[in-house]
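Next come the chains, spelled out residue by residue.
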Amino acid sequence: MSQSVEPAAGVPALRVSDLRTYFPVRSKGLFPKTIGQVKAVDGVSFEVYPGETLGLVGESGCGKSTTGRSVLRLIEPTSGRIEFDGVDVTGLSSKEMVPVRRKAAMIFQDPYNALNPRHTVGAIISAPFAVQGVKPPGGVKAAVQELMERVGLNPEHYNRYPAEFSGGQRQRIGIARAVALRPKFIVCDEPVSALDVSIQAQVINLLRDLQDEFGIAYLFVAHDLAVVRQISNRVAVMYLGQVMELATREDLYARPLHPYTHALLSAIPVPDPRAQKQREHIMLSGDLPSPAAPPTGCVFHTRCFQAQEICASEKPALVEPTTGHHVACHFPILEFLGTKEILGPDPGLTPRAGGSLAGAAAGSNDLIREIGTDYGVGPDTPIDPGPSIWR
Amino acid sequence: MTEYSNLRRAFLEVSDLSVQFPTEDGIVRAVDGVSFSIERGQTLAIVGESGSGKSVTAQAVMGLINKRNADVSGQVIFDGEDLVAMSDEDLRKLRGNKMSMIFQDPMSSLHPFYRIGDQLTEAINAHQKVSKTDARDRAIEMLHKVGIPLPAKRFDDYPHQFSGGMRQRVMIAMALINSPSLLIADEPTTALDVTVQAQIIELISQLQREFDTAVILITHDLGIVADVADEVAVMYGARVVEHGAVDDIFYHPQMPYTLGLLASVPRLTQVRSDRLDPIPGNPPSPLRLPTGCVFQPRCVYQDEVVGDLCRTQRPDLESVGPGHEVRCHLPAAKRQAAAEVALAALGRSSS
Ligand SMILES: Nc1ncnc2c1ncn2[C@@H]1O[C@H](COP(=O)(O)OP(=O)(O)OP(=O)(O)O)[C@@H](O)[C@H]1O
Ligand SMILES: Nc1ncnc2c1ncn2[C@@H]1O[C@H](COP(=O)(O)OP(=O)(O)O)[C@@H](O)[C@H]1O
Ligand code: SF4
Ligand code: SF4
Ligand SMILES: [Mg+2]
Ligand SMILES: [Mg+2]
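Chains as they are written, first to last, in the working numbering: chain U, 20 to 410; chain R, 134 to 484.
No wet-lab data here; the hints were simulated from the structure. Take the hints with a grain of salt, since some may be wrong.
Stated by the list, open to error - Simulated pairs of lysine to aspartate or glutamate, EDC-like, Cα-Cα distance not exceeding 20 Å:
#	chain 1	residue 1	chain 2	residue 2
1	R	Lys278	R	Asp267
2	R	Lys231	R	Asp345
3	R	Lys278	R	Asp289
4	U	Lys296	R	Asp380
5	U	Lys114	U	Asp104
6	U	Lys296	R	Asp363
Unchecked claim - The calculated label-pair distances, taken between Cβ atoms and stated as ranges, are:
#	chain 1	residue 1	chain 2	residue 2	range
7	U	Thr53	R	Asp345	47 to 57 Å
8	R	Asp363	U	Ser36	50 to 60 Å
9	U	Arg293	R	Val474	17 to 27 Å
10	U	Arg137	R	Leu422	25 to 35 Å
11	R	Gln403	U	Gln151	34 to 44 Å
12	U	Arg293	R	Arg141	29 to 39 Å
13	R	Glu473	U	Glu333	52 to 62 Å
14	U	Arg201	R	Gln403	30 to 40 Å
15	R	Gln339	U	Val338	36 to 46 Å
Where is the CB? At the ideal position from N, CA and C, for every residue including glycine.
Chain U extracted, bound-state conformation:
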């Protein structure tokens, strides 16, 4: 995979503008009424260019899968605009979507439930040909066996059932099905999260090879920032339905601007004991607030160690302080930027809760509590975002 994909190269394979997907919250009882909305995706914009991978990361329930599904219109978005390869697909009927769908595909997290257990591998991988009425030159079986070979499955296993394959092999089946029609882009929803690391690495390498070969664009949804780094050219960090930061992978991992990105990166332990013991930790307290009652102002302010008064009342816009580096924060962490003037003076480096980045080091449970006491959830607030239906 080349590192040099220019974010401005030609027509994006996928362009998403101000996407919103809200789910109604219904009261319990015999005659349920709509009593609110879960803003699962709340104003998300991005492009993915041919041959490029955009990683989409964030904590459970932040709206990653809903974004991925809305883009393919597997869920109907509430508002926004979606373009495949320059064509606006937002208003298309499901019939009009059929030929357009050929350009797009999806790979799912769960290699166990994503495949119909009663269909043979051959039937599963050839399904897109049947749906789209495509007749590959050498016949369907030959095309499927070629695909199987390409993704590292034994073509002789054409007539076997999913149960006879391991998790990693099933994920390969899902990948073969996804690339069958040579789509322009694929939404990969946690494609390796259910796999062991040694198998994860095989599947990540396969995805990269297929991308090089066919120039596919990936929207790669995952909660694991190390996995995302391994495959992405650019990365978007989501929190409560909104994009907090979007940057090239180099910028995001080496020069993160958003406090939430800092917190996420510092929370991931690195597999190197000496390095790990020297790292600074930013402990965030509590869990995601309910997306049915998101905090006012900056949605992250209830957990943010940089928060000031303005954060609770004014929502920060997504700005681009340096080319290609987008951030939504009143007080981004500028230590790495060297051009502080762009965003004005920098009051944010004196954190509210008495801990500097380093001071919030591991061990200070009091700090956890101090930051956490006011994360906006009372005993009666339903704080569990609820089961995420596609996990």
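We have chain U already, so just place chain R with the ligands on it with the hints.
What follows is chain R with the ligands alone, placed relative to chain U:
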């Protein structure tokens, strides 16, 4: 440690533990001759792929394997007593008291219909006589310790009113409420987000220091291992294939599976080659473990062993340094060379 510690038994000593499940498809060898030991205040991490026998090992140590559907053999000497030979009733007195366990899925051990507080006080009352108010105070204090805001108020909540991370914290409160001297945490954070995971891991370490608990931490996350483990046992195909101090495993690994595992882990920082170097193939079925080395079908180094040893002979766990043991037929020099190559790819040297 005392100077005659060699003669003394370790606080927990597991030797030659095997667990087999007879099933319709044949005998599942879930754990095959596993040995390790651990002292109070220490953390032993058990790592390995799913199905390698980590959870069954933990359950066997806790005496949670139903002996009617399984063959358990070997010894688990806990503070001088053999748990394998112990009656179920005696085991029940120990569990939740002197030893306890945190499970991966908090809902599986919190009862959905009982209030959080009642479940905690019951855990206290099951093992000691305390007054109702004392038990309540203790439960609230424990909830406070694990970072539940407004613990007195939340005492009367039901589990579904808590988020996943909070339930996991309640589980920890429950596991530690009787100050156990042995805690087994089986993938305690696998279902959680990284920010919550960081809190939970820190919390376990803190309470471990407070109660001088021996902790066995089961995980597949090598980052967590690097963070908290003193010692590491690497399991593969029902066996421990390498065992040593945390630095041995990360900076002087010897067993080809350990090398492959380290090379497969995606990293947050730049390394020499940013392409991952996966282990080929798939882990073995516990119904058909290879006769020789369990890793042989996937091992790229087997050709460097003379003859057919890797395929036919089960390698022994051999000492390669103080407290460092490896199960592999490769001659020392070749193991060393393999390790150098793997570490160089990670941008690390073995010195
Ligand atoms: N059909 C639905 N009805 C109501 N709420 C929903 C529905 N689908 C998702 N949600 C809610 O929308 C929010 C975003 O969910 P989504 O599945 O996109 O999260 P995610 O970022 O993919 O999380 P995870 O990492 O757990 O997969 C969550 O609060 C979820 O509970
Ligand atoms: N009750 C049981 N009956 C039959 N097989 C079992 C049972 N419990 C576990 N196993 C098998 O034993 C092996 C080891 O399982 P386990 O210890 O859970 O692995 P892990 O390392 O993922 O925790 C697996 O192959 C599993 O399927
Ligand atoms: S500093 Fe303010 S605007 Fe920035 S992330 Fe924190 S709360 Fe949000
Ligand atoms: S014993 Fe042989 S097959 Fe097993 S790890 Fe060593 S070299 Fe590889
Ligand atoms: Mg999801
Ligand atoms: Mg397990």
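- [ ] Mind checking the hinted window 25 to 35 Å against the Cβ distance between Arg137 of chain U and Leu422 of chain R?
- [x] 31 Å, holds
Open item on the list: The hint says 52 to 62 Å between Glu473 of chain R and Glu333 of chain U; measuring C-beta to C-beta, is that right?
Closed with: Between Glu473 of chain R and Glu333 of chain U, where Cβ atoms are some 56 Å apart, the hint holds.
Task: Distance restraint between Lys296 of chain U and Asp380 of chain R, which requires alpha-carbon spacing of 20 Å or less - done: OK: Lys296 of chain U and Asp380 of chain R at ~12 Å, within 20 Å.
Task: Outcome for the supplied range 50 to 60 Å, where the beta carbon pair is Asp363 of chain R and Ser36 of chain U - done: 52 Å, holds
Open item on the list: Holds or violated: Lys278 of chain R and Asp289 of chain R, Cα atoms, limit 20 Å.
Closed with: Roughly 17 Å separates the two Cα atoms, so the pair holds.
Open item on the list: Quick check on a hinted range of 36 to 46 Å for Gln339 of chain R and Val338 of chain U, using CB atoms only.
Closed with: Holds - the Cβ-Cβ distance for Gln339 of chain R and Val338 of chain U, about 39 Å, lies within 36 to 46 Å.
TODO: Starting from Lys114 of chain U, check that the Cα of Asp104 of chain U is at most 20 Å away, please.
DONE: Roughly 19 Å between the alpha carbons, so the hint for Lys114 of chain U and Asp104 of chain U holds.
TODO: Given the range 17 to 27 Å, decide if the beta-carbon distance of Arg293 of chain U to Val474 of chain R lies inside it.
DONE: Given range 17 to 27 Å: holds, Cβ gap about 21 Å.
Open item on the list: I want to verify a distance hint. Is the separation of the beta carbons of Gln403 of chain R and Gln151 of chain U within 34 to 44 Å?
Closed with: Given a distance of about 41 Å, which is inside 34 to 44 Å, the answer is holds.
Task: Distance restraint between Lys278 of chain R and Asp267 of chain R, which requires alpha-carbon spacing of 20 Å or less - done: Holds: Lys278 of chain R and Asp267 of chain R sit about 16 Å apart, inside 20 Å.
Open item on the list: 29 to 39 Å was suggested as the range; check whether the CB atoms of Arg293 of chain U and Arg141 of chain R agree with it.
Closed with: 31 Å, holds
Open item on the list: Given a hint of 30 to 40 Å, does the C-beta separation of Arg201 of chain U and Gln403 of chain R actually sit inside it?
Closed with: 32 Å, holds
In this structure, every one of the numbered hints holds.
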